[in-house]
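Chains as they are written, first to last, in the numbering used here: chain A, 178 to 507; chain B, 259 to 593.
Take these hints with a grain of salt, some might be off.
[Stated by the list, open to error] Derived DEER-like restraints, expressed as beta-carbon distance ranges:
no.: 1; chain 1: B; residue 1: 412; chain 2: A; residue 2: 254; range: 41 to 47 Å
no.: 2; chain 1: A; residue 1: 384; chain 2: B; residue 2: 582; range: 40 to 46 Å
no.: 3; chain 1: B; residue 1: 537; chain 2: A; residue 2: 501; range: 56 to 62 Å
no.: 4; chain 1: B; residue 1: 412; chain 2: A; residue 2: 363; range: 22 to 28 Å
Rather than coming from a laboratory, the hints here were simulated on the basis of the structure. Note that the Cβ used here is the ideal one computed from N, Cα and C, for glycine as well.
Each chain is listed here by its residues.
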Amino acid sequence: MKPLLAVRDLTTEFAMPGGLVARAVDGVSLDLYPGETLALVGESGSGKTTLALSLLRLIPEPPGRIDPAGRVELDGADILRWDAKALRRVRGGDLAMIFQEPGSSLNPVMTVGSQITETVRAHGQPDRRAARRRALELLADVGISDPDRRLGQYPHQLSGGMQQRVMIAMALAGNPKVLIADEPTTALDVTIQLQILDLLSDLQRRLGLAVLLITHDLGLAARVADRVAVMYAGRIAESAPAARLFDHPQHPYTEALLHAVPRIDRDVARLPVVPGQPPLATQWPTGCRFHPRCRHAWERCRGAEPSLLGTDQEHLARCWLVDEPARRAP
Amino acid sequence: MTTERLVEIDALTKRFSLPGPLLGRRRAIVAVDAVTLTIARGETLGVVGESGSGKTTLGHCVLRLTQPDAGRVRFAGVEILALRAEGLRRMRRRMQIVFQDATLSLNPRLGIGAAIQEPLEVHGRARGSSARARAEELLAEVGLDRTLSDHYPHQLSGGQRQRVGIARALSVEPEFLVLDEPISNLDVSVGAQVLNLLADLQARRGLTYLLIAHDLAVVRYLADRVAVMYLGRVAELAPAAAIYQQPLHPYTASLLAAAPVQDPRAARPRIVLSGEPPSAANPPPGCPFHPRCPHPKKSERCRSERPPLREVLSGRWAACHYAEEPIDAGRASHR
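The shape of chain A in the complex, shown without the other chains (with noise of 0.2 Å):
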C-alpha cells in the first residue's frame, strides 16, 4: 500500500537570539497509510508540534525556516513546493488540523454558525443556505445536539468539549484525507476525554481518514493508534506498531518514558526515572543524542549517532543496542 501523507527528510529549524539556530526538527521522515492512526508521542521541545505544523506550512518564516531538502508528500505531490494558493486550498481541505485548546482556535466573536458556515464555503460550497445544511449535518456528525440552536451561540457559551467537538466538525467541512490532530484532549476533563476520542475512531472509521495524533500521553497512544512513533530531540527514535512498542521497546528512552508514568492499573513501589532533562535544540548532544541521560550507553553512543536501526521494517529504534544487544544493561 501506498503511504497517504510521506514525509522525507523534513528539517525545520529556527533563528534564536544571539545567532543561535534551534533545528526543531532534524530529519523526520515517516509514512501515513489511508485509514490509520499514528501516534507521535513525545515530551515538550521533542518537535512533535513544530513537526505537525511543517506538515502544513503554518511554521511563520522567519524566524522558522523549513530546510528546501526536505519533502512532505500528499499523494505524490510535495507540499513543499506549492505556492500559498494551493497550500489555502490543502489546509482545511485534503489537511486537516485540529489543536489542544480550541477555546483559543475559535473567533470569539462569531457564532458558531457563522465559522462553520464560513469554512464550507471556503472548501467549494459558496451557495449560504448549503453551506447552513452542511454545517447542520457536520454539527450532527460530531454528536452535536439540538445543532440548530447550537449554530446561534457563541463559543463561549460551549463547554470545552463541546468547542473541540465544533472544531472538529470545522476540520470536516473541507471533506479531509488526513487529520492532524495536535493534543486534541489533554485540556479536557478525563470522561470527556474518552468521549472526543471514541469520536474521532468513529468519524475515521467512517471516513476512511488517516490520522496523525500527537501527543505526551502514552496511555492516549495505547488505546487508539495502530502504530507509534516516539520523538525525542527533534528525531524519530523509534517507530513501531502499537502493540510491539509498549511490549518489546528498544529504544532506552521509550522504555524510560514507559516506566517513568505512574499506573492506574497496578501499584509501583517506585517510578525508575531518566536523570536530567531533554536537551534544547540550540544544543543537541553529539552522538547519540540521548546518551547523556542513557544508563547503556557506552563510547560508540558517544561518538556516532545510529540510524534508525532494525531486524525489520516495521520496528525500528536509533539505538546501537540494536547492533550490539549485548550491551543491554541488565
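With chain A fixed as given, assemble chain B onto it according to the hints.
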C-alpha cells in the same frame, strides 16, 4: 503511621456568587458542599475529581487561603477558622501549599535563593547568612544544585521551578502540605522525578499530604486513601488499594474506566459516560450524578433523594443508594 488526626475537616462549605444574566439575580455556586474528611499524621489523602468538582477550593479552604462559609477545620486540634491574623500566621508555618504552576507563585524579580529565604524571614526562622545557608541546604534537599541560588525563575526549567516551590514550602518546616496538581504541568520524565521527591520528603520528614489531582494514576502512586469528588461533594472515600480494585461508586468506576492505560490490549471501556458534568450553579436534584450514571439499578429514588455518604464496607464510604450492587463499568476494576 500513628492514628493521630492531624487535619479534621467537618462539614466544610464554600459558596461563590456569580453574576447572573443581565439585570438578573446573581447565581450561587456551592463549590464545596458540606465535606467531612480527616487526615492522619503521616498519611497522604488524595482528592481526585474533574474540573469544577471543588477539589482545589477544598484545599484552599483547609489552609484558609479561601475563607469557607460554613463548617470547621481543625489542625492538630486548633480551630483554624476561628484564628485571628496573628494566630493564623503562626499556624501557616505548620501548613503549606505547593501550587500547580510554580511560575505563578515565584516573584520573577527575586532570585531563587532569596525566594526560599523569604518565608524563613517572614516566620522569623532565620536571617541573613544563616537564612542563605539554609536556603542552599533546601535546594540540595530537593535535588537542585546550590549554584542555582543566584538564578531567576525564568532561567529554570518547569521541573526545577516546581522543586523550588517545594523547597520554599519546606523552608518553614511544616508538618502538612497541600499539593495542588503538583506535576500536571510537567513532562513525563520530569514529573516522575518530582513524584519520587515528594515520596522521599514524606518518608524523611514524616510529612502529611493532601494531594489534589485530576490524574488517578498519580494519586494511586502517592496516596494512602482517596476521596473522589463530584460537584462539590465526596462521592467515594476509601483506602487506595480498595478504590482502584473495586470502586463502590459508579462515578469512580466511570473515571477509572475512562483513564487511559498504557496497554494497547487493555479492553476498551464498555461504558462511556455521556454528557458533561452539570453546572454547580444548577445541580440536579437527588443524586448529583444521576443524569450521567451508568448504574444498572438507577431508579426514581436517585432522581429525588440525595444519597448520603455512608460506610458501605469497613473504611469504605460511598454516596450511592446502590453501592452494594455490582456496577459493571467495563474495565472499571484495575488489578
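Evaluation of the provided hints:
no.: 1; hint: B:412 <-> A:254: 41 to 47 Å; verdict: 43 Å, holds
no.: 2; hint: A:384 <-> B:582: 40 to 46 Å; verdict: 45 Å, holds
no.: 3; hint: B:537 <-> A:501: 56 to 62 Å; verdict: 59 Å, holds
no.: 4; hint: B:412 <-> A:363: 22 to 28 Å; verdict: 24 Å, holds
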